[in-house]
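Undergrad: What follows is the residue order along each chain.
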Amino acid sequence: MPASLRIMLVGPGRTLYFLARSLLALGHHVTLVNADAAESAWLARHIQATVVHADGSVPAELGQAGATEADVLLAASRRDEDNLVICQAASVLFGVRRVLALVRDPEMEPVFRALGVEAAFSLNRVLTELLERRVVDRNVRDLIPLGEGQASLTEIELGPKAPAAGRTLAQLALPADSLVACVFRDATVLIPRGDTELRAGDRLVVLAMPGNHAAVLRRLAGA
Amino acid sequence: MSRASGPVVVIGCGRLGAYVAGELSRAGREVVVLDRRAEAFEALPAGFSGFTVEGDAGEYDALERAGLAKAGSVLACTANDNVNILAAQVAARVHGVPRVLARVFDTDRQELCDRLGIRTISPSEVLGVMFVRFLAEPDASDGPEGSDTSGGAA
Chain A
1 MPASLRIMLV
11 GPGRTLYFLA
21 RSLLALGHHV
31 TLVNADAAES
41 AWLARHIQAT
51 VVHADGSVPA
61 ELGQAGATEA
71 DVLLAASRRD
81 EDNLVICQAA
91 SVLFGVRRVL
101 ALVRDPEMEP
111 VFRALGVEAA
121 FSLNRVLTEL
131 LERRVVDRNV
141 RDLIPLGEGQ
151 ASLTEIELGP
161 KAPAAGRTLA
171 QLALPADSLV
181 ACVFRDATVL
191 IPRGDTELRA
201 GDRLVVLAMP
211 GNHAAVLRRL
221 AGA
Chain B
1 MSRASGPVVV
11 IGCGRLGAYV
21 AGELSRAGRE
31 VVVLDRRAEA
41 FEALPAGFSG
51 FTVEGDAGEY
61 DALERAGLAK
71 AGSVLACTAN
81 DNVNILAAQV
91 AARVHGVPRV
101 LARVFDTDRQ
111 ELCDRLGIRT
121 ISPSEVLGVM
131 FVRFLAEPDA
141 SDGPEGSDTS
151 GGAA
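Note that the protein sequences, when read in sequence, are chains A and B.
If you read the first sequence in our numbering, its first letter stands for residue 1, the second for the next number, and so on.
If you read the second sequence in our numbering, its first letter stands for residue 1, the second for the next number, and so on.
Only chain A is shown next, with the shape it has when bound in the complex (with noise of 0.2 Å):
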């Protein structure tokens, strides 16, 4: 486990609340900053992170809530420009070392990028990908697309009768551009080469496009 983060986490409360309890119970130190009294009131009853009822899109209550001591702030509030003034004054005025942005419009996603906010993600692209996964299986776990949806990292398991299983790598000669990057084998972690032996029961974590991506979990798992 990473060392104890300082983590600070301003929006609306649904979305993080559950997202610092995880936090928490990694054993991160959070603070939420909301905007909404009730909300405030409500979260600081139920949760052990700290709450502070403020606007962080106004850099002065960002800065009285904490933000000069946050290793890590994420933005997840309702309007993007809200979200990029909350990053900006963090990074810029407070000397935030991590901002994340968790943005609404898709396109927004590299304007944020290249205004300086590296990590900025919308819901709705990778919603959008998944809802378009042709591949549906229940051995197959979807991590995250990457890029511009310009490939995708997926979790597979190799069933029993899987093609793969019982193959070296270099034998099943995946198509070109994917990679499987590791392979989970009971409790440890193999960095596979070319004459990495496959087995039933392996989860493999396979890199690949969107054109080849259904062809490559076809290669090692099986229809």
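Just so you know, these hints were derived from the structure itself, not from any lab.
Glycine included, C-beta positions come from ideal geometry on N, C-alpha and C.
Incorrect hints may have been included.
Under 7 Å between C-beta atoms, here's a sample of chain A residues computed to sit facing chain B [said to hold, decoys possible]:
| hint | residue |
| --- | --- |
| 1 | S57 |
| 2 | D82 |
| 3 | L84 |
| 4 | D105 |
| 5 | V111 |
| 6 | A114 |
| 7 | L115 |
| 8 | V183 |
Start from chain A and add chain B according to the hints.
TA: Structure of chain B alone, referenced to chain A:
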């Protein structure tokens, strides 16, 4: 035709936006006004000959439809500081608009903009400076005839 002579895009059709758009249009400049409410355009003067675009300036699509790609200058003057700051950066950094000005009320946000290289105008500051100058003007009754002619230039 240089980029700098491209259309003026006014973002926000409140009192300031409507005034600026009206004046520039009267002076023969090509003007586009963006506002998220169609009713806001009623504030434009009768002779306004520019374009109006309905859309939310916090959304990338609306900013594109307002014509930032060809704009020579942009004034971001919605009622919301943060929208103005976002729009100004999209204009300057993403679309390369040569002259961009944002109205920003909050002084901390102004400082943020200074550090980010965005030019801003702060109404409080401008009015404050004007009022202080006004207070420094000589009193009308100090004139030689003691008449009530206006104070005149100092």
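Undergrad: Return the numbers of the hints above that this structure violates; sort them in rising order.
TA: 8
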